[in-house]
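Going down the list, the protein sequences come from chains A and B. Numbering of the first sequence is given in numbering that gives the first Met the number 0, commencing with residue 0 and proceeding in unit increments. Numbering of the second sequence is given in numbering that gives the first Met the number 0, commencing with residue 0 and proceeding in unit increments.
It cannot be assumed that every hint is accurate.
With a straight-line Cα cutoff of 27 Å, these simulated DSSO-like cross-link-like pairs (lysine-lysine) come out [said to hold, decoys possible]:
#1 A/Lys18 with A/Lys104
#2 B/Lys78 with A/Lys43
#3 A/Lys43 with A/Lys76
#4 B/Lys63 with A/Lys76
#5 B/Lys63 with A/Lys18
#6 A/Lys79 with A/Lys18
#7 A/Lys43 with A/Lys18
#8 A/Lys76 with A/Lys86
#9 A/Lys43 with A/Lys104
#10 A/Lys79 with A/Lys104
#11 A/Lys79 with B/Lys63
#12 B/Lys78 with A/Lys86
Quick caveat, the hints were computed from the structure, so don't treat them as lab data. Every value quoted in this text rests on a predicted model; they were computed, and no experiment measured them.
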Amino acid sequence: MAKSKAGLLQGTLDMLILKALSLGALHGYGIGQRIAQISGDELKIEEGSLYPGLYRLEQRGWVQSEWDVSDNNQRAKFYKLTRAGRKQLTLEERNWERLAGATMKALRAS
Amino acid sequence: MSRIRAAINFIRARLHHDEIAREVETELRFHIEMRTRANIEAGMAPSEARLAAQQSFGNFEQFKISCCEIKRGFPFDLKALRMGLYIAIACLAGGFALVAVNLPHHSFIGVIWQLAAIAVLMCSFLVGRRKQRQRH
Numbered sequence: 000m001a002k003s004k005a006g007l008l009q010g011t012l013d014m015l016i017l018k019a020l021s022l023g024a025l026h027g028y029g030i031g032q033r034i035a036q037i038s039g040d041e042l043k044i045e046e047g048s049l050y051p052g053l054y055r056l057e058q059r060g061w062v063q064s065e066w067d068v069s070d071n072n073q074r075a076k077f078y079k080l081t082r083a084g085r086k087q088l089t090l091e092e093r094n095w096e097r098l099a100g101a102t103m104k105a106l107r108a109s
Numbered sequence: 000m001s002r003i004r005a006a007i008n009f010i011r012a013r014l015h016h017d018e019i020a021r022e023v024e025t026e027l028r029f030h031i032e033m034r035t036r037a038n039i040e041a042g043m044a045p046s047e048a049r050l051a052a053q054q055s056f057g058n059f060e061q062f063k064i065s066c067c068e069i070k071r072g073f074p075f076d077l078k079a080l081r082m083g084l085y086i087a088i089a090c091l092a093g094g095f096a097l098v099a100v101n102l103p104h105h106s107f108i109g110v111i112w113q114l115a116a117i118a119v120l121m122c123s124f125l126v127g128r129r130k131q132r133q134r135h
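Let's have the full structure, built from the sequences with the hints guiding it.
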């Protein structure tokens with residue numbers, strides 16, 4: 000049976016970007032790849048939408064960026080998580096678990 | 000530290016529009032380039048690979064504009080700043096009142112200080128009341 004990829008709920012993209020960066024510094028393309036990898040290729044993201052998300056996170060001080068050279072010798076912007084970003088990720092994970100638990104409880108109610 | 004960096008980025012984005020737009024474009028083009036390479040490695044023809052990369056990226060111009068706008072946006076929470084401003088006004092008013100009460104009332108400077116304290120207190124009261132009315 001063909002699996003349909005799930006669209007992202009509003010607000011979860013930021014959390015996924017933070018999660019992807021918690022595993023190490025990456026450029027934008029790498030972040031998209033890592034999200035696909037850690038979600039088992041289940042989450043469908045319009046690739047360009049990553050960037051406004053990344054810029055917002057940088058503006059809030061949760062990630063920081065610097066230009067470097069990629070594996071294929073091209074100039075690329077690499078992002079890494081800041082200490083504030085790590086704290087935010089922990090907070091968002093906790094909120095997400097609570098929300099998911101409450102939703103499951105509601106769905107199982109008879 | 001990250002907030003300081005955000006403030007520096009904001010000032011840079013305000014002063015160097017074109018440079019920021021070029022940086023954003025380079026970054027987005029790098030993404031499409033990487034996706035194109037991956038598509039070619041997966042067996043697509045180069046032209047087909049580029050087209051597929053552009054399609055999976057979405058609206059390039061729209062994302063570029065969004066990124067530039069975010070870069071130019073104010074990096075701090077305005078609500079928190081406003082709250083800080085109210086607290087600062089309240090502290091200032093308190094300080095003025097304290098100084099005014101302790102000054103001799105018969106001197107000209109003492110009277111000026113008292114008037115200033117009354118004016119600051121009145122302003123903070125009026126601003127606070129207006130905000131409260133707006134909320135209700």
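Consistency of the hints with the structure:
Taken as a hint, the lysine 18 of chain A and lysine 104 of chain A pair is honoured in the structure, with Cα atoms around 25 Å apart against an allowance of 27 Å. Taken as a hint, the lysine 78 of chain B and lysine 43 of chain A pair is broken in the structure, with Cα atoms around 34 Å apart against an allowance of 27 Å. The hinted pair formed by lysine 43 of chain A and lysine 76 of chain A meets the criterion: a straight-line CA distance of about 23 Å does not exceed 27 Å. Distance restraint check for lysine 63 of chain B and lysine 76 of chain A: the Cα-Cα separation of roughly 15 Å lies within the 27 Å cut-off, and the hinted pair is therefore satisfied.
Between lysine 63 of chain B and lysine 18 of chain A the CA atoms are separated by roughly 24 Å; this keeps the pair inside 27 Å, and the hint holds. Among the hinted pairs, lysine 79 of chain A with lysine 18 of chain A is consistent with the structure: their alpha-carbon atoms are about 11 Å apart, no more than 27 Å. In summary, the hint linking lysine 43 of chain A to lysine 18 of chain A is supported, as the alpha carbons are separated by about 16 Å, within the 27 Å threshold. A distance of roughly 23 Å separates the Cα atoms of lysine 76 of chain A and lysine 86 of chain A; the hinted pair therefore holds under the 27 Å criterion.
Using a Cα cut-off of 27 Å, the hinted pair lysine 43 of chain A and lysine 104 of chain A holds, with the two alpha carbons roughly 26 Å apart. Between lysine 79 of chain A and lysine 104 of chain A the alpha-carbon distance is near 36 Å, which puts this suggested pair outside the 27 Å criterion. The hinted pair formed by lysine 79 of chain A and lysine 63 of chain B meets the criterion: a straight-line CA distance of about 21 Å does not exceed 27 Å. Between lysine 78 of chain B and lysine 86 of chain A the alpha-carbon distance is near 21 Å, which keeps this suggested pair within the 27 Å criterion.
In this structure, the hints that do not hold are numbers 2, 10, in rising order.
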